[in-house]
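K.L.:
Protein chains in written order, with this note's numbering: chain D, -9 to 351; chain X, -9 to 351; chain Y, -9 to 351; chain E, -9 to 351.
These aren't lab readings, by the way, just hints derived from the structure by calculation.
Misleading hints may appear alongside valid ones.
Stated by the list, open to error - With a straight-line cut-off of 20 Å between C-alpha atoms, the simulated EDC-like cross-links for lysine to aspartate or glutamate are:
1) Lys309/Y / Glu258/E
2) Lys260/D / Asp26/X
3) Lys87/D / Glu74/D
4) Lys137/Y / Glu306/Y
5) Lys343/Y / Glu49/D
6) Lys31/Y / Glu74/Y
7) Lys309/E / Glu258/Y
8) Lys309/X / Asp84/X
9) Lys252/D / Asp150/X
10) Lys303/E / Asp84/E
11) Lys343/D / Glu344/Y
12) Lys137/X / Asp26/X
13) Lys104/X / Glu344/Y
14) Lys303/Y / Glu258/E
15) Lys309/X / Glu258/D
4 protein chains.
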Amino acid sequence: MRNSIGNILTLTLFGESHGNKIGAVLDGFPAGIQIDEDFLKECLTKRRPSLKGETARVEEDHYEILSGVFHGYSTGAPIAITIENSNTRSKDYDKMKDLARPSHADYVAQMRYKGYQDYRGGGHFSGRITAPIVALGSLAISALKKKGILIGTHILKLKDIEDVPYSNDKIDKEIECVNSKLFPVISDVEEQMKEVMREAADLGDSVGGILQVGVSHLPVGVGEPWFSSLEGELSKAMFSIGGVKGIEFGLGFGFASLPGSKANDAYEEKAKTRTNNNGGINGGLSNGMPILFNLAVRPTPSISLPQNSVNMKTMENTKLVIEGRHDPAIIRRMSIVITCMTALTLMDLLLVKEGEGYFQD
Amino acid sequence: MRNSIGNILTLTLFGESHGNKIGAVLDGFPAGIQIDEDFLKECLTKRRPSLKGETARVEEDHYEILSGVFHGYSTGAPIAITIENSNTRSKDYDKMKDLARPSHADYVAQMRYKGYQDYRGGGHFSGRITAPIVALGSLAISALKKKGILIGTHILKLKDIEDVPYSNDKIDKEIECVNSKLFPVISDVEEQMKEVMREAADLGDSVGGILQVGVSHLPVGVGEPWFSSLEGELSKAMFSIGGVKGIEFGLGFGFASLPGSKANDAYEEKAKTRTNNNGGINGGLSNGMPILFNLAVRPTPSISLPQNSVNMKTMENTKLVIEGRHDPAIIRRMSIVITCMTALTLMDLLLVKEGEGYFQD
Amino acid sequence: MRNSIGNILTLTLFGESHGNKIGAVLDGFPAGIQIDEDFLKECLTKRRPSLKGETARVEEDHYEILSGVFHGYSTGAPIAITIENSNTRSKDYDKMKDLARPSHADYVAQMRYKGYQDYRGGGHFSGRITAPIVALGSLAISALKKKGILIGTHILKLKDIEDVPYSNDKIDKEIECVNSKLFPVISDVEEQMKEVMREAADLGDSVGGILQVGVSHLPVGVGEPWFSSLEGELSKAMFSIGGVKGIEFGLGFGFASLPGSKANDAYEEKAKTRTNNNGGINGGLSNGMPILFNLAVRPTPSISLPQNSVNMKTMENTKLVIEGRHDPAIIRRMSIVITCMTALTLMDLLLVKEGEGYFQD
Amino acid sequence: MRNSIGNILTLTLFGESHGNKIGAVLDGFPAGIQIDEDFLKECLTKRRPSLKGETARVEEDHYEILSGVFHGYSTGAPIAITIENSNTRSKDYDKMKDLARPSHADYVAQMRYKGYQDYRGGGHFSGRITAPIVALGSLAISALKKKGILIGTHILKLKDIEDVPYSNDKIDKEIECVNSKLFPVISDVEEQMKEVMREAADLGDSVGGILQVGVSHLPVGVGEPWFSSLEGELSKAMFSIGGVKGIEFGLGFGFASLPGSKANDAYEEKAKTRTNNNGGINGGLSNGMPILFNLAVRPTPSISLPQNSVNMKTMENTKLVIEGRHDPAIIRRMSIVITCMTALTLMDLLLVKEGEGYFQD
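Pulled out of the complex, with its shape left as it was, chain D reads as follows (with noise of 0.2 Å):
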């Protein structure tokens, strides 16, 4: 199980960044769910490069679904899906194709799959490959929403700029505030966050950052003690995501510097607690309290500035440019990927809990 994730509903994934099509599978979403076409392409619209600055490789994301919808509506069957590529300029990549570019995943490609992968824009490895994540993780988003439950991803931390975190009791509102934007933030922040990825795309460099996600309305008891603990599965989640390189629930590392007495989420009204350290999440399963996780995203690798490569062919040492405009930051467009992520998980984990109701009654 490599490129497939969930238990009860899997997404499979397959493609490579200049390949003539990328797609994905989903299979055991449940039959009668309405398919929302304009949701769908809304979303991967906020995938796709918009901003002044970012990758000057624009897709139409020209997308067809394959299978398992029928008349509008799931049938219980696998939901495949096919997005084409067409702006793929191949010859860019392989004059460098045995210069392996810093922080990439070229060198490890190379060792494990022994120079048969595909090296092309990162091949399989490429970001690109989100795209149908997008596109189906959209029906769960929909999914989800119908039972109520609500998720939002925006960008905490820009280099030194900060929106303010989700708040307890407005959370409902700054989920929906977020999910209206293309540049999903709370706050006031847009421009100035816009201006840090100018400057950073006029050094030839790039930024990174925070995202925060946050779940409202979730049933109590989602996800499973030890092994599927709801901070494991979204986490395994969240790092299939190329440029994460963190995650913490509630408080997370803020943890470490406070006593059990002021981290311990003391319960207030009946079941709610004042404060929501955990992130809603105890023993691994949601607690009633809207989920709360910050995800650490690094600042895109290729960036235009010359670094230290190999070359993989010779093992000599040499100094690479990587031409082409490169996005300064993928944080904006990675959010609505960790959305459908997060999205997916949730659905997989209710739909094991949910089983067990039968043989309960």
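Keeping the supplied structure of chain D fixed, place chains X, Y and E upon it in accordance with the hints.
P.N.:
Structure of chains X, Y and E alone, referenced to chain D:
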């Protein structure tokens, strides 16, 4: 797949805090590997409370290997182990069984398992269940060591006391140093950290911290792109362990404020990089540099100070005092558990990778 | 996943014929199901040798439920059981440990596990290990019965003596009849079959036969198209049990000589069909008619008569006489094991199916 | 895991009979294996209707490999393929969409997928979906062949016409012979079998039969004890294919009437046995003798003769005539599908087995 983890090498966990025995089954462990029971016992000892101020529940950890070992070697059949629970005082728990302890799993368990869960001492959620993980994980540590792969976990931070992080050039010695100690730190901070723990204990409070894991000599190419990334599989394993609320690889959240030109790991000496900001992983696969990651560890939620609780029967809020002595910090005892989960995960991914060779000659 | 089976409800098996204990872990069993230990013991009794002429190794099957049960109900946590091995005479095996018993696993085990396997009494391959399957499988039988689903396995054929097959209209009574007996047959053939077993025993030989499994009141739609078809999942479970060498659903091999016009099950009364040639399954899913399948059971390979063997050390051929008393037919004792594996498989598939409802209302 | 099969090498299937495209994804296929598209096309040709009397729906099978292949070799990334559906006449199906065809999946699909399923031409249940299995399975056949492992499937029986079974000593030649033919038989029965098919077609009826699969040169020790037995994994794969209703290994149901002394395979020449009653498998693992198993194949359920049906809307019984031309026997076309599923299963189990070596030297 809830209480099992791993694709080829799978660990299945069972037991409750106050049952007669807890245990685990390790399946897919290849035949012919020497079983080092002295090392197994050493690992169990590290997990046991031993410091003044740690929990008063000291277990002898009488274990029995039920299967899969014959004449001192693994047979290829599943290795099952049980460990006795001796020091259980269930009556302590009966009187407060309806009161949800803050930041514990009591409330989520009540909701998911509808009141049928074994509530005594946290039941199946108890940290006690990590003992069989350690026992069987020790076998994976040994197997990896025979292939030259070393793993060590140390306390990087306890409240405000900090140890030095692993260095790229002396990591082998540092891992050896860390593994030789009951209190795993690299520099001379043991007494300061113990003092912090004692202070917390005296206050009836607890403290959290950060663990750092280092792995050296892992071959290049372990892990998979996308859904079985090395980061993803490791994080899923780590969040299995109660109290872990964050993980970051290499620079992790530090990436957020760096430009790409400083964040990228430039190739210096052949495929060796000068920095190791990516923590030894690119594109989800190991890149030959040491694997480095940090774990945020929550303060132990069991404290002696009075807290706000909810009565799960009446849903009325009430004050709660958890009696008995509590671990002021589980981080020391957790370090060996983390090393074991790391070893199991890496061994599993190596088994997948190595099978490919058969068809490749 | 070698010693585990099931997607949501997983059974993990461990142990060897001559270890101190064997056991299993059942994970994913929903909370709140009453545990009927009397029934569990009754099932274990059915698996034990009890007839004159069956193997002399009679075990008391002292078992211990280690986890997952509290106050007589399942807790939702994994249910682990161990069963003691008492009647082990390992010395019998030491002197012939290099001689591969024909049609046993000795030779394949030697090759796969490179001589490290526990060879005593077949080690991990021994039929003894079916005892924990029966113990935990009995819980699935009970859970299904509460939903009205009945399962029964009877000896359809023993050498040349034949029982009557299940009928479509009286199957509930026939299943009840079969389950009430230690020697599970529908018609009056018990004595004749026992006589066949005695004759084989007297000759130092053994006999095979056919088991028929019937399931009534399984809801429509259990199973999946393609790779998790009801036939596929059941057959995988059945072939887990040593000695099963064939399976056929409904008419099975009888289909080969029928025209489609006679083979098809015509709808007679609403969705009820007159014939049940497909054994209650269409397109991989249950169709509301009784599930019916037959299993070919090999004669016990352990016989007293001298046989040609190979010495696995020297690779020289030699005569072998297996000492001690042997089961002349394992088919009677196997029937409860088959019922248990059937119950576990159906419960697993029901859990998958029922989870879908949550998103469908 | 519904439309995926395999642990390390996984095949995921999608598509419907009347969608624009059907397809599959093969994941875990090692890098560096040469892709033989001529052989792939040859296999697709074998699956296509070609005989007089076979279904009138002839598809060109225009396929597109979307990923995982680069410069003629596998890259290690998932291999996705789509195949066009061109010859679809959906209107034929609209008028009878409420009538359940006997022994088809119409009724179970209606119940499980609540009327949302794509009913046209059987939708996702259609035998049409075996085309991508064949395309990608052909790659596994090639990979195994390079390791010397041969697989062949022939029609052992069609109604009352019988081919000769595989012999133990000439099986390589027999497999080669079978694989060289569009009508796969060993002896001179092709014309007789074709005559049987023509007769059935003339009557508007259909016929069933038995396929025999042979595998030679599989290494000893492939498969696992208990839940991933070679028999179990193969049977699960076989029952994925619609129309298979029985499987027997070696003597199979013939074991029922033999004494153990005749059923056991005595060792004759070192570890070679004279008989191969166990079909090359002991204890769930391959034993070095040829793997042999038979499959019961149901007559095609689509026939021209009038049949009793049920209207799934009104639940009233009614007569049904299925128009158009139908396959009088799918067994010929099924043989290559079976060979492909066998190859995929064996390759998966070999990948598991071979990974163990890394830790064993």
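K.L.:
For Lys303/E and Asp84/E, compute the direct alpha-carbon distance and say whether it is at most 20 Å.
P.N.:
Between Lys303/E and Asp84/E the Cα gap is close to 14 Å, so the pair holds against 20 Å.
K.L.:
Please verify whether Lys309/Y and Glu258/E have alpha carbons no more than 20 Å apart.
P.N.:
Holds, at roughly 10 Å.
K.L.:
Taking only the CA atoms, is the gap from Lys87/D to Glu74/D under or equal to 20 Å?
P.N.:
Given that 20 Å is the threshold and the Cα spacing comes to 23 Å, the pair is violated.
K.L.:
Is Lys104/X close enough to Glu344/Y, meaning Cα to Cα at most 20 Å?
P.N.:
Roughly 18 Å between the alpha carbons, so the hint for Lys104/X and Glu344/Y holds.
K.L.:
Holds or violated: Lys260/D and Asp26/X, Cα atoms, limit 20 Å.
P.N.:
violated, 51 Å
K.L.:
Would you mind confirming whether the straight-line C-alpha gap from Lys137/Y to Glu306/Y stays at or under 20 Å?
P.N.:
Violated: Lys137/Y and Glu306/Y sit about 57 Å apart, past 20 Å.
K.L.:
Lys309/X and Asp84/X: Cα distance at most 20 Å?
P.N.:
Distance of about 17 Å is within 20 Å: holds.
K.L.:
Between Lys309/E and Glu258/Y, does the CA-CA distance stay at or below 20 Å?
P.N.:
Given pair Lys309/E, Glu258/Y holds - Cα atoms ~10 Å apart, limit 20 Å.
K.L.:
Hey, Lys137/X versus Asp26/X, does the alpha-carbon distance stay inside 20 Å?
P.N.:
OK: Lys137/X and Asp26/X at ~15 Å, within 20 Å.
K.L.:
Holds or violated: Lys31/Y and Glu74/Y, Cα atoms, limit 20 Å.
P.N.:
With Cα atoms ~14 Å apart, Lys31/Y and Glu74/Y stay inside 20 Å; holds.
K.L.:
Quickly compare the C-alpha distance for Lys309/X and Glu258/D to 20 Å and report which way the hint goes.
P.N.:
Cα-Cα ~10 Å, so holds.
K.L.:
With a cut-off of 20 Å on the C-alpha distance, tell me whether Lys343/Y and Glu49/D pass.
P.N.:
Not OK: Lys343/Y and Glu49/D at ~39 Å, beyond 20 Å, violated.
This entry does not satisfy hints 2, 3, 4, 5, going by the numbered hints stated previously.
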